[in-house]
Every structure is written in C-alpha cells, then in structure tokens.
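Trainee: Each chain, written out:
There are 6 protein chains.
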Amino acid sequence: MPVVIIEMWAGRTEEQKEKLIKGITKAFEDIGIKAEHLNIIIHDIPKTNWGMRGEQASKISP
Amino acid sequence: MPVVIIEMWAGRTEEQKEKLIKGITKAFEDIGIKAEHLNIIIHDIPKTNWGMRGEQASKISP
Amino acid sequence: MPVVIIEMWAGRTEEQKEKLIKGITKAFEDIGIKAEHLNIIIHDIPKTNWGMRGEQASKISP
Amino acid sequence: MPVVIIEMWAGRTEEQKEKLIKGITKAFEDIGIKAEHLNIIIHDIPKTNWGMRGEQASKISP
Amino acid sequence: MPVVIIEMWAGRTEEQKEKLIKGITKAFEDIGIKAEHLNIIIHDIPKTNWGMRGEQASKISP
Amino acid sequence: MPVVIIEMWAGRTEEQKEKLIKGITKAFEDIGIKAEHLNIIIHDIPKTNWGMRGEQASKISP
Numbered sequence: 000m001p002v003v004i005i006e007m008w009a010g011r012t013e014e015q016k017e018k019l020i021k022g023i024t025k026a027f028e029d030i031g032i033k034a035e036h037l038n039i040i041i042h043d044i045p046k047t048n049w050g051m052r053g054e055q056a057s058k059i060s061p
Numbered sequence: 000m001p002v003v004i005i006e007m008w009a010g011r012t013e014e015q016k017e018k019l020i021k022g023i024t025k026a027f028e029d030i031g032i033k034a035e036h037l038n039i040i041i042h043d044i045p046k047t048n049w050g051m052r053g054e055q056a057s058k059i060s061p
Numbered sequence: 000m001p002v003v004i005i006e007m008w009a010g011r012t013e014e015q016k017e018k019l020i021k022g023i024t025k026a027f028e029d030i031g032i033k034a035e036h037l038n039i040i041i042h043d044i045p046k047t048n049w050g051m052r053g054e055q056a057s058k059i060s061p
Numbered sequence: 000m001p002v003v004i005i006e007m008w009a010g011r012t013e014e015q016k017e018k019l020i021k022g023i024t025k026a027f028e029d030i031g032i033k034a035e036h037l038n039i040i041i042h043d044i045p046k047t048n049w050g051m052r053g054e055q056a057s058k059i060s061p
Numbered sequence: 000m001p002v003v004i005i006e007m008w009a010g011r012t013e014e015q016k017e018k019l020i021k022g023i024t025k026a027f028e029d030i031g032i033k034a035e036h037l038n039i040i041i042h043d044i045p046k047t048n049w050g051m052r053g054e055q056a057s058k059i060s061p
Numbered sequence: 000m001p002v003v004i005i006e007m008w009a010g011r012t013e014e015q016k017e018k019l020i021k022g023i024t025k026a027f028e029d030i031g032i033k034a035e036h037l038n039i040i041i042h043d044i045p046k047t048n049w050g051m052r053g054e055q056a057s058k059i060s061p
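Residue numbers (numbering that gives the first Met the number 0), protein chains in the order written: chain L, 0 to 61; chain E, 0 to 61; chain X, 0 to 61; chain C, 0 to 61; chain D, 0 to 61; chain R, 0 to 61.
Derived from the structure by calculation, the hints contain no laboratory data. Note that beta-carbon positions come from the ideal geometry of N, C-alpha and C, so glycine has one too. Among these hints, one or two may not hold up.
One side of the interface only, derived from the structure: several residues of chain L facing chain E at Cβ under 7 Å [to be verified]: (1) E17; (2) K21; (3) T24; (4) E35; (5) I39; (6) I40; (7) I41.
Excised from the complex, chain L in its bound form:
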C-alpha cells in the first residue's frame, strides 16, 4: 500500500522515468513490500516553479 510521491524537475525522458519506477519498486521489494501494493507518482516541476538558494532554479541552472 505504500505511496511514493516524487517532486523533480521536468525534462526527464520516458526511459529515465521507467528506470526510476523499476528501481524504486525494487527498493521496496527488498524490504518485503510487493510491487502490486505500490503506487509511485512523479510530479514534473518546471524550474521556474522550483526555488533553491533563494532563487528560481531556472536562473541557477537554465
């Protein structure tokens, strides 16, 4: 039943997302939680909507 919510910058490829989902699922399986009980949700965040070091990430890492 666990739910995983990921906040990350938009721009990852479908291959990266797929690989990430598989890797996180494996991490849960390794502690005894079955893949079919897991929901993983990715929030793609534009860099203009991400603040770090007091700035928009779009200004730091354009």
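Let chain L serve as the given structure and place chains E, X, C, D and R on it in line with the hints.
Mentor: This is chains E, X, C, D and R only, laid out in the frame that chain L set:
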C-alpha cells in the same frame, strides 16, 4: 481548515471533478466540518508519470 | 489507483475517521472508481503546527 | 534540508513567484536555516481542479 | 486559498514555528495574498525518517 | 534536488528504513542524479489513519 490533495490519472471530465468535489465536501460535512473550511486540490497525473506493479501505468492501461 | 491525502487537525475520533473514509470512498465510487483502487491517508496535524491568519491555530482555536 | 510545497492557483507571474521564493527563504533564514538547505516547490493548480465551498473554484472566481 | 506544506526535522521550538508562520504569511501578503486565505502546515519529521546522501539523517547529524 | 515523500504504515524497523533509503538513492543514481541532491522523507501512518477498500486498514489488517 482541512486540506484534501488528490493524486489521480489525468483524463477525468469537468463533470466528474465537480461531482467528486461535491461528494468529498459532503463526506466532511457529515462529520461536522463546514464546506467553507475545506480546500480540495486535484493533481492530474499523466499515466507515464504513474508507476504501478513496477511499470508505468501507460504501459499497463494505455 | 487514486490517492487521497488529508491534512487536518489532530483530535478526530475513530468513528469520525471511519465515517470520513467511507464517505470519500463513496464519492469516488460515484464517478466510477472502485473502492479497492483507492488509498486514503490522513495526516493528523497538531494545532501548533498549523498556521492560519498568520498565527498558530493553537492560539486562535485553543 | 526543509522542503516547502506550495499549492496555489495557476496564473501567478514569474515576478510574483520569484518574490515569493525570496520571501519564504528569508522566513527560514530568520529561524536559522540557510538558503542553500531549502527546496521550495510550487504546484500551479488550475481553478477547475480546486474545490472550495463545495464547488470548483473556476465557478466561484472565474 | 494557497496551502503551504513544510517538511522539516522535528525539534523546532514553538517560537521558531510561530516566527516561521508569520514570515511565510508575510511573503504571501507581499505578492497580494491575504493572510486569511492561507493555510500553512508543518510536518515534523524524525531524523530517522529523513534520507539524505543515501543515509538516515540521524546518522549524519545525530 | 529531487524530493521523495513516502506514505507508509507505521511499524517498519530502522533497518528497513535504512535499506529503503539506500535502495531509493541507488535508483536515482542509476538515472544520473547524485545522492547529495536527494531528500527522502518517510511519513509513518497509523493504520487507523489509512483507508483502503472503504475501511480503515486497522480493521482489514490488524
């Protein structure tokens, strides 16, 4: 004051969203919380960003 | 598959939580989403950790 | 290390987002948390996806 | 109507929380959002439940 | 910079949490994201606060 955040697949119609908001509001009213104190927020998640059974939902339920 | 996360003040009874879970589940069923696909998660928040009108809720509604 | 997630209506300008990020960062600095340890994430929510007073916000504040 | 959710290590004092709530509220007021429309929610996270640099924060910063 | 928030039932051991944090960190490293840019946050949820199949999880899986 309660806040409800809903993560679900993108693709629901405006009518479904409206009905869902009304239904959830009623569920809170039934335990004594007024509609004007409630915020409900829907996150539309593309199936490519949703992992289940170790796969992207877009591959399981295209 | 939807996930519902609820932020609300700590202090609700078990009966209120049960009723709320049933009511929200019904709201999803009414738009065609089955109860077994739904996860509902309640975060009990102490009033000292809730800010409203620029104050801790513990000071406004002790 | 703190993470701040903001849910708000879509439509704020880049200038408003920048100002908000700077202001929140300052609020953390004022309690002794450094800007470089802070991540701030803004979720832009369309009004059709926001429920208040039992309605979609798009109907209350078009 | 904005909602702010803060994830941070448990252990902040009531004074720090109050100051943080006031500071964040001011940051929203400075972009034209009124204090009475804002909810701020603090999640106190034990360091054993916080992962950074591949470790529990409790091991890095006991 | 990614942030991972995990909602799961309370009751996991420190060893399981540590293993989970390491496994998820590795999943991000495998798509090119460094461990030092990642924050992982675990929310321990009592089963009375988790709804599934229209019931509290405490009633389904005591």
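Trainee: Take the hints in turn and mark each one as holding or not.
Mentor: Now for the hints, and whether the structure bears them out:
1. E17: Hint holds; E17 (chain L) Cβ to chain E Cβ min 6 Å, cut 7 Å.
2. K21: Nearest chain E Cβ about 6 Å off; hint holds.
3. T24: holds (4 Å)
4. E35: With a closest approach of 5 Å, the E35 (chain L) hint holds.
5. I39: Nearest chain E Cβ about 3 Å off; hint holds.
6. I40: This hint holds: I40 (chain L) lies near chain E, its Cβ roughly 5 Å from the closest one there, short of 7 Å.
7. I41: holds (4 Å)
The structure agrees with every numbered hint stated previously.
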